[in-house]
Amino acid sequence: MTTGTTGRDRRPVQVLAEVFSIKRVGDYFHLTLVADGIPERTRPGNFVALAVGGPSSGTLLMRAFSIYRVRPAGVYGGTVEIVFAAHGAGTQWMAQLTPHDVVDVVGPLGRPFALPREPVACALVGGGYGSAPLFTLAERLRERTCGVHMVLGAASESSLFGVLEARRAAQSVTVTTVDGSVGIKGVVTDPLPALLSRHDIEVVYSCGPMGMLQAVTTVANAHGAWSQTAVEESMACGIGVCMTCVLPVMGEDGVTRMVRSCVEGPVFAGDKVRWDDIGTVPPGTYGAPRVGAR
Amino acid sequence: MAAHGAPLRPEDVDLSTVLADAYLDNPVMTASGCAAAGRELHQFFDVAELGAVVTKSIMRDPRSGRATPRMAETPSGMLNSIGLQGPGIDAFLSTDLPWLLQHDARPIVSIAGGSLGEYAELARRVGNSPGVAAIEVNISCPNVENRGLVFACDPVQAGRVLSVVRRDVPRGVAVFAKLSPDVTDIVEVSRAVLEAGADGLVMINTLLGLHLDPGTLRPTLGGVTGGLSGPAVKPVALRAVWQVAAALPSVPIIGVGGIRTGADALEFLAAGASAVQVGTAIFNDPAAPIRVVRELRAELAARGIGKVSEVIGRAHQPASPVAQPLA
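Chains as they are written, first to last, in the working numbering: chain A, 9 to 302; chain B, 123 to 449.
Only chain A is shown next, with the shape it has when bound in the complex (with noise of 0.2 angstroms):
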């Protein structure tokens, strides 16, 4: 619905990247890419896919993360920030970059958030770094004046990120941790039920894990508000030709298809994924076996 609107050319361009920064926030990395080209594409919500370990790699399939903040060009060109979590082959190299460092960046890739076209209150929830997106999305909800409420989640205070970013870009921030090391004690769905009364939340957006994205879509869908779910599939191409990152989702016509999350996402309307069935093919999707028929 948001797609196309401008004559912008918004088609993903593969860049090699220098590394400009690198540093450590919490439990996670904060990288910044010097990625002329992906910056004045962007929209909250897109994402980039990093080739990693170099051009002789052993581990070939690209990256994919959430874009943080890009700045246009500027004295060091234009620049696009991620935030990782080095827990696998992949970003524990990513890790060990340091500043002047090459890497194959390809972006932007993906759908990004649907905006209102009314200046509605909306929630902005994020789980562990999956907060990342929804900074420049405040930004872009701000500019049309829209409320913005954001809900941070973590296991505990070192796996937040963004807060006091976020008490900046927000009207409120709700913090909660599994282990109460800061803020509510519980997860995000505890507090976000009393939020969306007490604004008149219209739209609810997230990021994180999947199932923290299902639970807020229910909280929303009782609520009456749109959600609309930044979705982590895991990816090989990120550009949509390999066919891995495919979950069920219906369309428009009522028919459930399995998508890709690269292209038709990462973002999708949260009441139209169907949640529990995530890692099948649930029966009536179009094209799938036909029980008995050949």
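The set of hints was computed from the structure by calculation and includes no laboratory data.
Given the structure is predicted, the values throughout are model-derived calculations rather than measurements.
Even glycine gets a Cβ: it sits at the ideal position worked out from N, Cα and C.
Hints are not guaranteed to be accurate.
Some but not every residue of chain A turned toward chain B, in silico, with C-beta under 10 angstroms [unchecked claim]: (1) 19; (2) 248; (3) 252; (4) 266; (5) 271.
Stretch-level coverage of chain A by chain B, calculated; a stretch enters the list once three of its residues show a Cβ under 8 angstroms from a Cβ in chain B [stated by the list, open to error]: (6) 58-67; (7) 283-297.
Given the structure of chain A, go ahead and fit chain B onto it with the hints provided.
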């Protein structure tokens, strides 16, 4: 075999190649299943600059594919268990094929069926569509419902598929059989499909493999087993091309399996392939196919080889002073 002399300028190398009835500007194609129908890659390079675009295998009916997870990364490769997800032949012919032709791509259409009847119908409809450069018959996808019934694992069944396809495809449209390396004797399967009417061979499809989730110690993939691809399989693919080229020297072969660089492509040509396909490398670098064209040109130029045809099958010739690229 022409003598290899002083290095050439890359632009002076003739990359054109002949594959049965198909003439290609260069020998580099996409591999089926790694490039959809070309449109996504066209964002990164002009698909008309490839020798051909090989489509993801088209089936008769729309197909949802398998449940996720569909992919597991493995050392220098990956396993996939997509299950031939696709829109079906009607949507392909009305949308994807016209797009490829409008963009001046050379389409090689991969077809896959669950029965001889389906293969025949697909062959008829694709073969009679104007602009199709050749047909690649996928008889070796490991991700069909009944993994015991991969046509390419049985020379008799493989021959039957190729004979119905060849019967229904007009002369002038070359038919290539894509073979599985998971067989005892790939030369025997090659002979069977060639006798049945195949004009050439594509080697290799993925190898059947397994990945276990280290946490659960259960299979990672929704489809349990998957097809292994990427640089990990390159020596297997190169061996298959070499064996078949040695046994059947005049047969057109398209080499595929783990090709990531122009140097890789050159090895496949030397082993006996007349063209090559780039697949999994696309998942590391969306511009990989066009980069391989550029790198292959440079590899040949550095060796003073002016024509692709001069290097095809070079590995089967007696040792001679092949020029090494100058450092």
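Does the CB of residue 271 of chain A sit less than 10 angstroms away from some CB of chain B?
Given a least distance of 7 angstroms, the restraint on residue 271 of chain A holds.
Coverage of the region 283-297 of chain A by chain B (three or more Cβ within 8 angstroms)
holds (count 9)
Checking hints one by one. Is residue 19 of chain A an interface residue toward chain B, by the C-beta closer than 10 angstroms rule?
Since chain B brings a Cβ to about 5 angstroms from residue 19 of chain A, closer than 10 angstroms, the hint holds.
Would you settle whether the hint for residue 252 of chain A is holds or violated, based on the nearest Cβ-Cβ distance to chain B being less than 10 angstroms?
Hint holds; residue 252 of chain A Cβ to chain B Cβ min 4 angstroms, cut 10 angstroms.
How about the region 58-67 of chain A: do at least three of its residues have a C-beta closer than 8 angstroms to a C-beta of chain B?
This one holds; 4 residues, not fewer than the three required, reach chain B with a Cβ under 8 angstroms.
Interface hint for residue 266 of chain A, Cβ within 10 angstroms of any Cβ on chain B:
holds (5 angstroms)
Tell me if residue 248 of chain A is really an interface residue toward chain B, meaning its C-beta lies closer than 10 angstroms to one of theirs.
holds (4 angstroms)
In the structure shown, no violation is registered for any of the earlier numbered hints.
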